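For the record, the sequence lines run as chains A and B.
Counting in numbering that gives the first Met the number 0, the first sequence runs from 0 upward without gaps.
Counting in numbering that gives the first Met the number 0, the second sequence runs from 0 upward without gaps.
In short, the hints are calculated from the structure, not lab data.
These figures come from a predicted structure and were not determined experimentally.
Glycine included, each C-beta is placed from N, C-alpha and C at the ideal position.
Careful: at least some of the hints might be erroneous.
Claimed, not checked - Here chain B is said to cover these stretches of chain A; the calculated rule only asks that three of the stretch's residues, wherever they fall, bring their Cβ under 8 angstroms from a Cβ of chain B:
#1 97-107
#2 218-232
Unchecked claim - DMTMM-like, lysine to aspartate or glutamate: derived pairs with alpha carbons at most 25 angstroms apart:
#3 B:Lys18 / A:Glu210
#4 B:Lys124 / A:Asp128
#5 B:Lys124 / B:Asp85
#6 B:Lys18 / A:Glu202
#7 B:Lys128 / B:Asp184
#8 B:Lys18 / A:Glu207
#9 B:Lys128 / A:Asp221
#10 A:Lys79 / A:Asp58
#11 B:Lys18 / A:Asp128
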Amino acid sequence: MAGFLLRRIGGIAVTLLVTSFLVFGSVHLAPGDPASFLLGGRSASPAAVAAIKAQYHLDDPFLVQYTKWIGGVVTGDFGKSATFRQDVGGLIAARLPTTLLLIGYAGVLILVGGLAFGALAALRRGVVDRAVLVGTGIATATPSFVAAIGLISLFSVQLGWFPAFGNGGGFGDRIYHLTLPAAALALTFVGLLARVTRTSMLEELGREHVEVARSRGVPGSDVVRRHVLRNALGPITTVTGTIVAGLLVATSIVETAFGLSGVGQLLVSSVTVKDFPVVQAVSLLVVLAFVTANLVVDLVHPLIDPRLSHAKGGGA
Amino acid sequence: MTTRLLEIENLTVRLAAGKAARPILDGVSLHVERGEAVGLVGESGSGKSVTCRSVLGLLPEGSRASGGVRVDGEDILTMSSTRLRDLRRRGVSMIFQDPRASINPMRRIGDFVAEGMRAGGVPQKDALKRAEELLESVGIREPRAALRRYPHEFSGGMLQRVMIAGALAGGPRLLLADEPTTALDVTTQAEVVSILTGLRAERDMGMLFVTHDLELAAAICDRIYVMYAGRIVEAQSTEGLFSRPRHPYTSGLLAATPRLESDQPPHGVPGRPVSLAEAPSGCAFAARCAHARPGCTEHEPGPREIDGAQVACLRAEELIHD
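One chain only, chain A, in its complex shape:
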């Protein structure tokens, strides 16, 4: 188990190194001269341009630039944002709580909604199943910006139940402000998770051990809990891991739509103004989120299915 963990963490380090190179390289492949963006389109004296280039090491060869950057990243220094004139680390740290709260909130909605609708569809074949299939089909096909606009117009503008804008202050108020964004963020993924849950549960429902449990007089709810849902958790966990990591990307649209100052909105605004250090740092954060989510999923799987145990010789 310890060996498995060490190997996986080593693998994550390599993944991050490779992707950091790709992220750094791709940003530099983008058309346009960074220096002119750094100057904000203003015409500047050659001396000012030279100063900017020196500050951001823009005249160094690519590999040297990369080495300097990655050296800083390892020590926690992501460079300075061109637009904010601040440390990138500080910029992200200030916005991370909002984004994490939003992701956590949406994650809970996705899990509860996805599992409930999926289980409902699997266990109530017929009208309920078909209704859930149609509903999840629409949910999955609705882009989050459309969901955001729809939710704002219904719940903020017409009904006035929830605010359409801003972070709010204090935990309760923040949750209140984040309700519509979390719903907009969750909608697509609730549909996705419900469908995965439904398929996975239907597959388990047809298994022999489910009938055996029934034949032994185990009540229906226990059969569903211990034999159907329990065994269906594998695919559900895998998809949930990917969804949660993907939420970090999806927040960019929702945070922008709801005017939340979070990491997603920071990414969008930084891309627009070619604020390279910020884009690079947030991209790395996204990669980190995905590899971490995968690691967590891989650690959880053996707890669900003992056949996948990493320990040699079983757990007896």
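The hints should help you fit chain B onto chain A, whose structure is shown.
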């Protein structure tokens, strides 16, 4: 008159309309007395598993059943779901064919054996203690440690013993065994059979043993029912069946069994079983029967009593296969 342990009377099971041309069970009647071992033999698709499962009220989805399935005089088909659950926990247990598929691979052995008892309200601690005793009685070494192990750590034969332990947990009066050794290799088959028959005798349970293997049924059972295309075609004591099979299908099955002492290769029954899409008129076996006459495809032969044997064949009196 005392009630029989199991009495199936004129049981007919039809699948949902359009799914099959004929009923999967067509007027099946059989009984098992207290402490008696009864065999139910036939080819795959003959309806023996459906018959067996019907005793626990496990009928195919969307099917309709008529007739009676009575355990100690109580009809399963009209029973309340609460009463049926109680019967499944304490009265009747089933041993399924493939233990690897029948035991949840993600839960511990102890959870499996204790599950029925837990459902019946036995506290966890007592249920696990009882599970340990049961595992010991079916010959699992280190039963206490086995409780915490997972199914994939056991061989198929060991798992089938676990299955038997689980089936015995509720102290049933009637044991249903649906091809319990078909998924096992020959040596483990012998071990599992001897454990099963030993425990059955010790606890004086009635047993309905479903198999396609006549020899195996003969080794275990007092009486044997032979099924073909959803009907019982012959029922006799085991000795009677082997010495004087009355139905041409039974004698065909006997001839199909390979024998060591004979130089002749075994003869298979010609043709193939009747599928659910076919509904032949008259005797379903007539198309494969060497003794068939024109009349055989006109009238469905009802079961008749001849010398203590029940036979459903028009020519049962004239044909003696010995």
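Outcome of the hint check:
1. With 0 residues bearing a CB less than 8 angstroms from a CB of chain B, the region 97-107 of chain A misses the requirement of three and the coverage assertion fails.
2. Coverage of a stretch by a chain is defined here by at least three residues with a beta carbon nearer than 8 angstroms to that chain's beta carbons; for the region 218-232 of chain A and chain B the count is 6, and the condition holds.
3. Taking the CA atoms of B:Lys18 and A:Glu210, the gap is near 22 angstroms; set against the 25 angstroms cutoff, the hint holds.
4. Simply put, B:Lys124 and A:Asp128 have alpha-carbon atoms about 40 angstroms apart, too far for the 25 angstroms limit, and the pair is violated.
5. For the suggested pair B:Lys124 and B:Asp85, the alpha carbons sit about 21 angstroms apart, so the restraint of at most 25 angstroms is met.
6. A threshold of 25 angstroms between alpha carbons decides the hint, and for B:Lys18 with A:Glu202 the separation of about 22 angstroms falls inside it, so the pair holds.
7. Straight-line distance between C-alpha atoms of B:Lys128 and B:Asp184 comes to about 31 angstroms, which puts the hinted pair past the 25 angstroms bound.
8. Proposed proximity of B:Lys18 and A:Glu207 is supported: the alpha carbons are some 22 angstroms apart, at most 25 angstroms.
9. A distance of roughly 22 angstroms separates the Cα atoms of B:Lys128 and A:Asp221; the hinted pair therefore holds under the 25 angstroms criterion.
10. Proximity of A:Lys79 to A:Asp58 is assessed by CA-CA distance (about 17 angstroms); at most 25 angstroms being required, the pair is judged to hold.
11. With a C-alpha separation of about 23 angstroms, the suggested pairing of B:Lys18 with A:Asp128 holds against the 25 angstroms cut-off.
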